[in-house]
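Enquirer: Residue-level listing of the chains:
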Amino acid sequence: MLNPISLAFKKAKEDKRPALLTYTVAGDSSKKQSLEILKAISNYADILEVGVPHNTPVADGGQIQTSSYRAIKNGIKMNDIFKIVSDFKKSKNSKPVIFMGYYNMIFQYGENNFLKKCKKSGVNGLIVVDLPWPENKIFSKKCKKNSINFIQLLSPTTSNKRLKSITKDSHDMIYYISMLSTTGGKLKVSPKKILSNYNKIKKISPKKNCVIGFGITEKTISNFKNTDGLVVGSQICKEITRSLSNRQNPVINVSKMVSKLRKKIS
Amino acid sequence: MKLKKGIPVIDQGDRLGFWGGKFGGNFVPETLKKPIEDLEIQFNKLKNDKYFIRERDKYFKNWIGTPTRFIKLNNLTKHVGGAQIWSKVVSDANGGAHKIYNATVHCLLAKRSGKKVIIGDTGAGYAGKMLSMAAKKFGLKCKIFMGAKDINRQQPNVKAMKKNGADVIPVYSGSQTLVDAVSECMRFWVANCDTTAMCVGSTVGPAIFVRICGWSTSQISRELKVQLINEFGEVPKKLKLYNCVGGGSSSFGFWNEFMDYDKKQVEFIGVEAGGPTKSKRHAAPLTYGSKIGILHGAAQYVNQDSDGQIEETESISAGLDYPGISPLHCFLKDTKRARYTAASDEEALKAYQIVTKYENLRPSLEPSHAFSVALKESKKFSKDTIVIINSCGDAYKDRGILEQKLGKKYVKSN
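Protein chains in written order, with this note's numbering: chain B, 1 to 266; chain R, 1001 to 1414.
Calculated directly from the structure, the hints in this document are not laboratory data. Just so you know, even glycine gets a beta-carbon here, dropped at the ideal spot from N, CA and C. You may find that some hints are simply not true.
Stated by the list, open to error - Derived pair list, reagent style DSSO-like, types lysine-lysine, alpha-carbon separation capped at 30 Å:
#, chain 1, residue 1, chain 2, residue 2
1, B, LYS116, R, LYS1136
2, B, LYS73, B, LYS186
3, B, LYS39, B, LYS11
4, B, LYS77, R, LYS1149
5, R, LYS1149, B, LYS207
6, B, LYS188, R, LYS1408
7, B, LYS164, R, LYS1034
8, R, LYS1115, B, LYS200
9, B, LYS73, R, LYS1149
10, B, LYS208, B, LYS164
11, R, LYS1149, R, LYS1034
12, R, LYS1357, R, LYS1383
13, B, LYS137, R, LYS1034
14, B, LYS117, B, LYS83
15, B, LYS141, R, LYS1291
16, B, LYS161, B, LYS39
17, B, LYS83, R, LYS1383
18, B, LYS161, B, LYS89
19, R, LYS1163, B, LYS137
20, R, LYS1136, R, LYS1111
21, B, LYS161, B, LYS137
22, B, LYS16, B, LYS260
23, R, LYS1408, B, LYS145
24, R, LYS1408, R, LYS1376
25, R, LYS1022, B, LYS119
26, R, LYS1291, B, LYS119
27, B, LYS161, R, LYS1336
28, R, LYS1045, B, LYS164
Unchecked claim - If you anchor each label on the Cβ, the simulated ranges turn out as follows:
#, chain 1, residue 1, chain 2, residue 2, range
29, B, ASN160, R, LYS1022, 28 to 36 Å
30, R, PRO1276, B, ASN160, 47 to 55 Å
31, B, ASN74, R, LYS1022, 32 to 40 Å
What the hints assert, rightly or not - Selected chain R positions facing chain B (in silico; Cβ < 8 Å):
#, residue
32, MET1001
33, LEU1003
34, GLY1025
35, GLU1030
36, GLY1174
37, GLN1176
38, MET1186
39, VAL1190
40, SER1290
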């Protein structure tokens, strides 16, 4: 049987489109609201990345930092985040969930406890921004044992030799960082160049689902229709910030945005 | 966990960059793996290259000005009435603090690798000031990331950076101090690592930065060892080396050459910032038993909550106001080679007053922490004990704070 993440990719492929992955920060702007956002966007997205906010995020740009600080300020704790996921998983239209965060949060929870709790609340995958290969070897094996997808990251600076080793050690899904940037940067590389790197990865590892993230927005997303999956994060976080400052409902606005994103790749 | 003899501490990390199997490492985004690896290859080669060493020594001697003075503080010795109190006046170095060594080495490395821009973080502003000086010297463009709170309280250094042509980029996130400046600097590097070199301002960050910084500041103890032998004919039988510890670059450099001596002969005392007496947010992770966590790419003792969020700190000295601590010091603590304690804001200010009253020396608020503990402990030591305090920074940058806390008379002669 396919795991839920691979199944989501398979379904999108049957529709002849890339899978749409969204990223929102758990607890942004409140526990309740972030759960509502997840429920609303899961009508259009295939896989939901849930950001675990950390207060020294070395790879995140302004928009995601703003969301993270807002969530932390509103008192979000690790156990609340697990609760948000398990509540979401009980809803009727739930989708696979991937946690994205920094290793210290896992380290403090204890790797084994963390994975146990992930399994229990229904987390399907993990992206740990600051736990690169080969440092992640042991932990990614532990994830596999617990049927949790550990998602390896690749970037334009990853050498060919590294690329081969990393994809070999990866599970069903890999994440290609489109350019040298923190999250939320403007796309500063041509889509053609990004796709050529993407194809290089697919050639080495054709069976793995490879998603592209960083710089993917409403404006750029349609350039990447022939891929396995695309991640939109900062633009959604920015929309939450914008809605809040205009005193509008972020749930409705974000949901509209994700629906549009989905149309652009369908 | 064991400290090895005969191998520099900076080279005692394992294959993944961990000291003692658990401190340090490389907790970095994938994008930084390549530039870090490039820097590792470059540094490992050059640190044994005699031409590179000669080049370094040339700039250290002619530009930074080595050696810095090693002086006896006769009046303080008399006043305290115990050990002989000496100081290594590292603030003699060009720019007024030890940060110049690391900045110079990073600029030399950047130049060799063909990078045109160098970026760096700063707390007290010394690391930034020195990097801007070195960048100017070596013809590199320079960007300095600095917390908005620190920009306010360390104006003299901000002015110096700008005068040297550096862009000073204020960081408004989080506590707006050093911790956020380092994060922002790393983020900038993630986005620009193909054209830009990064200098981390202390013995913190991914393992290679810890090593380069420790290698650079070790100049302090290399000089001191020669000066001790000139003065006493040998390394004294009872020697105590006091140094403040924030990130840990000056203390590591002050101790490195004496690492292999028995601690009964050469004792290392690191003084962390205890913050205001009534506060809890002490920037003293070693003294107050913080748990191991990951901050800025390295595993270390760090102030954090039970979830792993990094906690804000509070200290009168911007240079020590950091929730983490170098993996090297975690290693020295757990191997029991060094002893760590803390001084409060008030104690540091009092020590500053005593030192400036008795001696023609104006240590900045950072080394004033070390003076505080050294003066207290010296009372109990025998007369043949040699106490040395690293006066690693000059109080000029603190004049605003000193004026506010102590009144104008304490700063008028600066």
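Enquirer: Now, for every hint given, state plainly whether the structure supports it.
Expert: We went through each hint and held it up to the structure:
1. LYS116(B) to LYS1136(R): The hint is violated at about 54 Å.
2. LYS73(B) to LYS186(B): Given pair LYS73(B), LYS186(B) holds - Cα atoms ~27 Å apart, limit 30 Å.
3. LYS39(B) to LYS11(B): holds, 19 Å
4. LYS77(B) to LYS1149(R): holds, 27 Å
5. LYS1149(R) to LYS207(B): violated, 51 Å
6. LYS188(B) to LYS1408(R): Roughly 53 Å between the alpha carbons, so the hint for LYS188(B) and LYS1408(R) is violated.
7. LYS164(B) to LYS1034(R): Holds: LYS164(B) and LYS1034(R) sit about 15 Å apart, inside 30 Å.
8. LYS1115(R) to LYS200(B): Since the Cα atoms of LYS1115(R) and LYS200(B) sit roughly 28 Å apart, the hinted pair holds (cutoff 30 Å).
9. LYS73(B) to LYS1149(R): Satisfied, since the Cα-Cα distance of roughly 19 Å is no more than 30 Å.
10. LYS208(B) to LYS164(B): The given pair, whose Cα atoms are some 13 Å apart, holds under the 30 Å limit.
11. LYS1149(R) to LYS1034(R): violated, 33 Å
12. LYS1357(R) to LYS1383(R): holds, 22 Å
13. LYS137(B) to LYS1034(R): This hinted pair holds, its Cα atoms lying about 18 Å apart.
14. LYS117(B) to LYS83(B): Roughly 10 Å between the alpha carbons, so the hint for LYS117(B) and LYS83(B) holds.
15. LYS141(B) to LYS1291(R): holds, 26 Å
16. LYS161(B) to LYS39(B): violated, 41 Å
17. LYS83(B) to LYS1383(R): Outside the cut-off at roughly 64 Å; violated.
18. LYS161(B) to LYS89(B): violated, 39 Å
19. LYS1163(R) to LYS137(B): Given pair LYS1163(R), LYS137(B) is violated - Cα atoms ~48 Å apart, limit 30 Å.
20. LYS1136(R) to LYS1111(R): holds, 12 Å
21. LYS161(B) to LYS137(B): holds, 16 Å
22. LYS16(B) to LYS260(B): holds, 17 Å
23. LYS1408(R) to LYS145(B): The hint is violated at about 66 Å.
24. LYS1408(R) to LYS1376(R): holds, 26 Å
25. LYS1022(R) to LYS119(B): holds, 28 Å
26. LYS1291(R) to LYS119(B): Holds, at roughly 27 Å.
27. LYS161(B) to LYS1336(R): Given pair LYS161(B), LYS1336(R) is violated - Cα atoms ~41 Å apart, limit 30 Å.
28. LYS1045(R) to LYS164(B): holds, 27 Å
29. ASN160(B) to LYS1022(R): 28 to 36 Å: holds, 32 Å
30. PRO1276(R) to ASN160(B): 47 to 55 Å: Holds: the Cβ-Cβ distance is about 54 Å, inside 47 to 55 Å.
31. ASN74(B) to LYS1022(R): 32 to 40 Å: holds, 33 Å
32. MET1001: Hint on MET1001(R): violated, closest Cβ of chain B at ~19 Å, above 8 Å.
33. LEU1003: Interface hint status for LEU1003(R): violated (24 Å vs cutoff 8 Å).
34. GLY1025: At about 7 Å, which falls below the 8 Å cut-off, the nearest Cβ of chain B leaves the hint on GLY1025(R) intact, so it holds.
35. GLU1030: holds, 4 Å
36. GLY1174: Holds, about 6 Å.
37. GLN1176: This hint is violated: GLN1176(R) lies away from chain B, its Cβ roughly 12 Å from the closest one there, beyond 8 Å.
38. MET1186: At about 4 Å, which falls below the 8 Å cut-off, the nearest Cβ of chain B leaves the hint on MET1186(R) intact, so it holds.
39. VAL1190: holds, 5 Å
40. SER1290: With a closest approach of 12 Å, the SER1290(R) hint is violated.
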